[in-house]
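Listed here are the chains, written in short residue letters.
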Amino acid sequence: MQDLENLENITIQTRRDILRMVHKVNSGHPGGSLGCAEFLVTLFNTVMKRNEGFKMDGLNEDLFFLSNGHISPVFYSVLARCGYFEIDELNTFRLINSRLQGHPTTHEGLPGVRIASGSLGQGLSVAIGASLTKKLNNDSNLIYCLMGDGELQEGQNWEAIMYAAAKNIDNIIATIDLNGQQIDGSTDDVINLGNIRAKFESFGWKVVEITNGNNISEIQYGLKQAKDNTFKGKPVCVLLKTVMGNGVDFMMHTHEWHGKAPNDEQLEIALKQNPETLGDY
Amino acid sequence: MKNYTFTEKKDTRSGFGDGLTELGLKNENIVALCADLTGSLKMNDFKKNHPERFYQIGIAEANMMGIAAGLTIGGKIPFTGTFANFSTGRVYDQIRQSIAYSGKNVKICASHAGITLGEDGATHQILEDIGMMKMLPGMTVINTCDYNQTKAATIAIADHMGPVYLRFGRPKVPVFTDADQKFIIGKGVKMTEGDDVTIIATGHLVWEALEASKVLFDQGISAEVINIHSIKPLDSEIILKSVHKTKCVVSAEEHNYMGGLGESVSRLLSLNNPTPQEFVATQDTFGESGTPAQLMEKYGLNAEKIIEKAKLVISRK
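For the record, the sequence lines run as chains A and B. Just so we're aligned, residue 1 is where the first sequence starts under my numbering, counting upward by one. Just so we're aligned, residue 1001 is where the second sequence starts under my numbering, counting upward by one.
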């Protein structure tokens, strides 16, 4: 178990990784990546049971599926700093011949990735399939899935949400990153998602809310609640309220940085706000 | 000339169902998913034998493809079952990203393919699926011709690591291939020897090609009929060898001429041995309601059309 200070240091370093990765190739998605940094750092370092090394089948360990694949920078940073591959490989993000494609994929064999994502709305179905296999294998470890809130506009999610509850898939924890933003503006403006909690509950899910999804202690508490509610006949949803662009003042509270890289000057300011902790890649 | 006969007619979908039943009994990693068409796909026996390995997904094909992809993680071999239309066009992006690009070992089993679905009409018929599926990198595409071959194919694809599209149909058609045949993915089957024209057929059109070859034989034309159950990978050797001898070819399929077997054959020939070719296929059109026989006749997918095209292509040599 890692202490809070250590997790915060990893988070700051992850922010630096995200910013430097997208800056280098002048593309990628920093906003949602920064918003989910605390969550993924906490999940991978203190919550998930993970085996040494990487095997696609993931027997006898918890598995994670990223549905909103555009936040690949945070995913890659967390995977690298958890030892799935060398942190130097972060240098290759979005470059030709890289395993770190713009959106995550199994195609080049990057350890830690179990499904391609990017075309939205597919991750929860895949995660449910993995949950079913865990049950068939009498493997009592858990399946985690992270999705965006705008992504809930994809209809396939609601097929999956309906299925998981109807079939009592209770070894899954699906987290929704509620940052309220999507490419064209706020989710309220684009397609108002309404009361997401009520929607999940009416479909038959147990819902846990993390009101400050950028606070590691709250994330730890919320995920513990979520885990405590697994194997009780219902799928578990975590509503994770985050701030897009968190940790870089000029990127926060706007959709502007959804898919835009900082320039040299902006990078310098952003990195100053997040001083190096574990060493840059 | 080898003469094919049959003693019974059976639907190819029953070959799938019986193959799946056999697989289920011998391999506990086989799991099956269905989107509210269990009876139509003949998956009832598998469901009865292994309720814990059968997943009723409901009318939600996109979710079914995703769940199938996820089930492979941990060693299961999922077989999805629904109509060909709902197995392909409806869920193309799910197959593309979660199955093909992700390299998942999913067997997409598609019944009611082509126009012989019949009375339900064009919303349920699909004549574009071979094209869509063969274009996906890494996807194996199989279209079987009768009950026995469909059963053998169903069993064989379980041993193939990687995504497979298995296409079969609804109507009862002659059973004319061997019950104990060895099904080899990517290997065509020479049905008759001939010197004048090669007829390369797949699916329900294989029987029509054999019927055509009998008529042609009586008229002094010897046709070499090749049964291509694997459209991808395509057996280039058997095709090139035959065409080298006959110097002309008719392709026959229950599919649009665009994107189907015929185009794969054309590419092979244009690269290796440019040869006159005629296409028995639908002509860039949707289907419509009718009996399978009426539709096969109206859309030019029967023995008569194969005979006509064979004579035409011979005249072009």
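One thing to keep in mind: the hints can contain errors.
Claimed, not checked - Dumping the calculated BS3-like pairs for lysine-lysine here, alpha-carbon to alpha-carbon at most 27 Å:
| id | chain 1 | residue 1 | chain 2 | residue 2 |
| --- | --- | --- | --- | --- |
| 1 | A | Lys234 | B | Lys1311 |
| 2 | A | Lys234 | B | Lys1241 |
| 3 | A | Lys135 | B | Lys1002 |
| 4 | A | Lys167 | B | Lys1134 |
| 5 | B | Lys1048 | A | Lys135 |
| 6 | B | Lys1026 | A | Lys232 |
| 7 | A | Lys135 | B | Lys1026 |
| 8 | A | Lys167 | B | Lys1048 |
Since the hints were made in silico from the structure, they are not lab data. What you are looking at is a predicted structure, and each value in this text was computed from that prediction instead of being measured.
So which of the earlier hints does this model not fit? Violated hints: 1, 2, 3, 4, 6; rest satisfied.
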